[in-house]
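Peer 1: Model the placement of chain B on the given structure of chain A, informed by the hints.
Protein sequences appear in the order of chains A and B. Here the numbering used here is used: the first residue of the first sequence is 1, the next is one more, and so on. Here the numbering used here is used: the first residue of the second sequence is 1, the next is one more, and so on.
If you are wondering where the hints come from, they were derived from the structure by calculation, not from laboratory data. Glycine residues also receive a C-beta, built at the ideal position from the N, C-alpha and C atoms. Mixed in with the good hints, there may be bad ones.
Stated by the list, open to error - Output of the computed footprint for chain B on chain A, the stretches with three or more beta carbons under 8 Å from beta carbons of chain B: (1) 152-165; (2) 368-378.
To be verified - Cβ-Cβ distance ranges computed for the label pairs, FRET-style: (3) B:K5 - A:H336: 31 to 39 Å; (4) A:R257 - B:E92: 54 to 62 Å; (5) A:R492 - B:E70: 26 to 34 Å.
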Amino acid sequence: MSAIQEAVHAVHENPPALEPLSLASIIQEATQTSEALSDEEVFNALVKRLVAAPLFADVHEWEVKDAWRRPVRPQTLKYFKFTRSTPENHLRYAAFTANRLLTALNEVDFMFLPEGRLESQWARPSFYNEEFRMLAALVTPQLQKYALSFVDENVTVSGHWTKKKFEEYFQERIMPLAEKKATSFDLIENSKYPVQAAQLLMMQHAVDFLVEASHMARYILGDYGKLQSQLFRVILDEYGYGVHERKHSTLFKDVLRSIGLETNTHAYWQFYLNTTFLLNNYFHRITRQPEDFFRYLGAITLAENMFGPYCRYTAAALRKVHGDKVNVQYYLEHAHIDQHHGRMTLEDMLLPAIDRYGDEIIPDIVLGMEQTLYLQDLAEKDLCAQVTWMSKKDDYHHLGMEIKDAVLANQDKINIMRLIEPLSELSVTHCHDGDELCIVNSGVLRFVSGPNSFVDLQPGQAVVIQKSRLHGAIVLSDVCHYNIYSIGDYRRYADREV
Amino acid sequence: MPIVKFKFDDLPAGFSTPAAFYAVHQDIGTITLKDMTCPHRGGPLTHGVYVGNQIVCPWHGSRCNRQKIERRTQPAIRNGDSILFLTEQPLETVFVTIPLSEVNQCKGE
Chain A
1 MSAIQEAVHA VHENPPALEP LSLASIIQEA TQTSEALSDE EVFNALVKRL VAAPLFADVH
61 EWEVKDAWRR PVRPQTLKYF KFTRSTPENH LRYAAFTANR LLTALNEVDF MFLPEGRLES
121 QWARPSFYNE EFRMLAALVT PQLQKYALSF VDENVTVSGH WTKKKFEEYF QERIMPLAEK
181 KATSFDLIEN SKYPVQAAQL LMMQHAVDFL VEASHMARYI LGDYGKLQSQ LFRVILDEYG
241 YGVHERKHST LFKDVLRSIG LETNTHAYWQ FYLNTTFLLN NYFHRITRQP EDFFRYLGAI
301 TLAENMFGPY CRYTAAALRK VHGDKVNVQY YLEHAHIDQH HGRMTLEDML LPAIDRYGDE
361 IIPDIVLGME QTLYLQDLAE KDLCAQVTWM SKKDDYHHLG MEIKDAVLAN QDKINIMRLI
421 EPLSELSVTH CHDGDELCIV NSGVLRFVSG PNSFVDLQPG QAVVIQKSRL HGAIVLSDVC
481 HYNIYSIGDY RRYADREV
Chain B
1 MPIVKFKFDD LPAGFSTPAA FYAVHQDIGT ITLKDMTCPH RGGPLTHGVY VGNQIVCPWH
61 GSRCNRQKIE RRTQPAIRNG DSILFLTEQP LETVFVTIPL SEVNQCKGE
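The following block holds chain A by itself, in its conformation from the complex (with noise of 0.2 Å):
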């Protein structure tokens, strides 16, 4: 390893500790000013220093093995402005960023503990303590403003409802979406590489799954009578009874064992999708702000009674795609439980809930399921638009070599980041807000759009970035050159479609 690869690993293994400051003197120190400062001024100034913690710095590694890091390259920071997300806009990078970060903040108590031995763990002070956690209260309600109002804004419920419309509503709308098949789950089945598409998949439900419940288990705290024990007994279920082998996210750490993935909660960090990231942002709100319990009610009923024949499709697709080797328990206790935790969410505690606190509460009942059916539906569209993106990423290589030169020709007006990196150097999984071609000059980089989904480029060769797809790369040469031209809009250069 030659003595720049050494300094690189060196800053990735231990990036320096922070002084610790006063919330006054963070915000004098990033601003260097004694005049009074903007909401945005002052928000940004808590961001930087918020992202200056180890934790947020870059990895070397595709999988995440550190229980605290959350690698959201904070060094592209000042190169864009939080704003707030719209249904045009929502998978923008800044967008990425914000429910990236945001996911991180939602976490701040929760414990984690490494599989392995402690004292490793370097970022374990970083997670664990006071300033972060001053930090992650002042910046989240404003992080969550710019990723998550959007929702506010496009799903709304209006009207004077009853218990009977309710419970129409329900059948009539609700039901029928249940059982009805994800696009999905035949793309990932008919994909190019379906392994890496229900790899993807499972990386998706990682999120959550392994946390199975924390959310839900914040609502485990007060006093609110007999429909917080109804709740505790779905708790209950989700947390084997107290028996750790049965304990739902230890069941889902045998799918993950049985096809070779890493079980350590968000080892897969980096192949979250936005998406993902921001229907999880969204039960962390409604479950961090007890005004929005009603929803949360609302919420957790439709998942509980839209999961069940979800798990069903998903054991059925992981067995097409991975044969008898796949261990689909997880899926199975849930195709089965979820029944149950569907007719208790309804009949033990939503409806109970509307007898008891009246009809005034359904129109943010039926906000809570209409709003998580919204997200579901954005998730969807980004998982099918990234598992055909993986699946199309030889085409993608073909592009980039078809029209590299109309690109070269017009590189004049075109904006072109230039990078010299060395051997192992890993960009962190991002995206782009328009198409990009990435062309290597001398060395061999690894292009990679997705779970051991890849191209190697060789001196000379390029490849298309579609806007808005996750993608990352690493550096397979002693030393790496290579351009990345924000292009817009392949079509600008090519006479065909991917």
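Peer 2: Chain B in isolation, oriented as in the chain A frame:
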């Protein structure tokens, strides 16, 4: 119970079912459905005229308290581009506009 569906961009000003008339209102993304059926004989208050604090039904001239009618909101959902209304009966006629809803005075008053 039927669920009447529209696309957000094709949202009508109102619609009718075999036994009811509805007006659709939009306020910063929130969609509201008002039951504009005259309590007298089921006439279309969607096509009535406002006189002060009252709506005059075009069928028999019955006058209804405007606030009372406007409180008769029906369950409505906006989910992105999809709009869903819960009604008692299936959709019959769509009103692209509700022509008289903005008139403030009856002729001759």
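Peer 1: So, for every hint listed, does it hold in this structure?
Peer 2: Results of checking the hints against the structure:
1. 152-165: holds (count 10)
2. 368-378: Answer holds; 4 residues pass the 8 Å Cβ test.
3. B:K5 - A:H336: 31 to 39 Å: 34 Å, holds
4. A:R257 - B:E92: 54 to 62 Å: Check passed, 58 Å falls within 54 to 62 Å.
5. A:R492 - B:E70: 26 to 34 Å: 52 Å, violated
When held up to the earlier numbered hints, the structure conflicts with hint 5 and nothing else.
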